[in-house]
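On the provided structure of chain W, position chain L as indicated by the hints.
Those sequence lines, one after another, are chains W and L. Going left to right, the first sequence walks through residues 13 to 194 as the numbering used here numbers them. Going left to right, the second sequence walks through residues 13 to 194 as the numbering used here numbers them.
These aren't lab readings, by the way, just hints derived from the structure by calculation. Be aware that a few hints might be false.
Repeated chains share a single entry, so a pair holds when one copy, or any two copies, can fit it.
To be verified - No farther apart than 20 Å at their CA atoms in a straight line, the calculated lysine to any residue pairs in the SDA-like style are these:
(1) LYS189 with VAL80
(2) LYS189 with ALA67
(3) LYS18 with SER29
(4) LYS18 with GLU52
(5) LYS18 with ASP60
(6) LYS18 with TYR99
(7) LYS189 with GLN151
(8) LYS18 with GLN98
(9) LYS189 with PRO146
(10) LYS18 with ASP35
(11) LYS189 with CYS84
(12) LYS189 with GLY142
(13) LYS51 with ARG23
(14) LYS51 with ALA41
What you are looking at is a predicted structure, and each value in this text was computed from that prediction instead of being measured.
2 protein chains.
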Amino acid sequence: MSAAAKCFAARGIHQTSMQEICDTAAISAGALYRYFESKEAIIVALADEERAGNAELIAHLAAADDIVDGLCEALPEIIAVLGNEQYGRLAVEIGAEATRNPVIADVFGRNESELRGALVEALERGQKRGTVDPALDVQATVFLIQALFDGIPGRSIFAEDVPPRQVAETLERFLRKALRGA
Amino acid sequence: MSAAAKCFAARGIHQTSMQEICDTAAISAGALYRYFESKEAIIVALADEERAGNAELIAHLAAADDIVDGLCEALPEIIAVLGNEQYGRLAVEIGAEATRNPVIADVFGRNESELRGALVEALERGQKRGTVDPALDVQATVFLIQALFDGIPGRSIFAEDVPPRQVAETLERFLRKALRGA
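The following block holds chain W by itself, in its conformation from the complex:
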């Protein structure tokens, strides 16, 4: 999976053959096909890996007494992951693939929708507890947070010398201002 991710990120999904994945992983075609019958099966496995990462974030948010603090604590790691160049190239590739391949759209769609549900729930809980602005449009806010997270990988590839730490700190300031009440 790691060899496939490397190839997809470097050359694109369509331009990568199963044989190139074998060569990069230094395994035989037989060994690769024992686990994955196609490139699509590998991408589905990569989606499961992403899902496991999301599950950690979701558990962290669910356990946080204050969602704004909880989200802000997680930001440096989120930004570091999203800003990783290979991750970014892979995300852009898979995003393009998902627009045409319904299986891939489904598995990543499921991940997105789980994360969206967790964010919506956490912000609504915050509104009830008084730590989140009660006037906040929760659906639109989560749309914007996810759009921002989607956009960071591509932006980081064509990087403009804004260090991840600076991005995380500025985003934390914004989220605290945006999500807290007046």
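What follows is chain L alone, placed relative to chain W:
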């Protein structure tokens, strides 16, 4: 160009042939090749079209007495364009292509860097005039605004029933809170 954009968005850049573009545009191959020698040349022309759109926004921001008001006035149209499904699919395709094709990376990189420069200049002007928080990290703020704009197209494709107007209104609230001083 419009036929090519349609094909690229629907089937992907690599999966579209020059012949399919001719068929969609209902023109002969000779007519197409008179203007564009390759798919790459068409993408470069699409970048020039984007550049013209950006130039309007840049002029609007430069003319605004208050950058925060100026940006917020432009938001409904920006969100509407970014949320258009064909635009989104095309943006995702071109983004993936740009990670591997240096000519395409260059022309879109130039557009991005012009827009970035204009946003940085406008925010710094706002800081001098006292309409923008002087403590704001302008580089990181512009990085986040551009990442958000990059992320909206993909997010809108797999749309989650958040109407563009609602997204624009919530983003306006956030930008006003984030960019203004205390």
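query: In ascending order, which of the hints set out earlier in this document are inconsistent with the structure?
result: Hint 2 alone not satisfied by this model.
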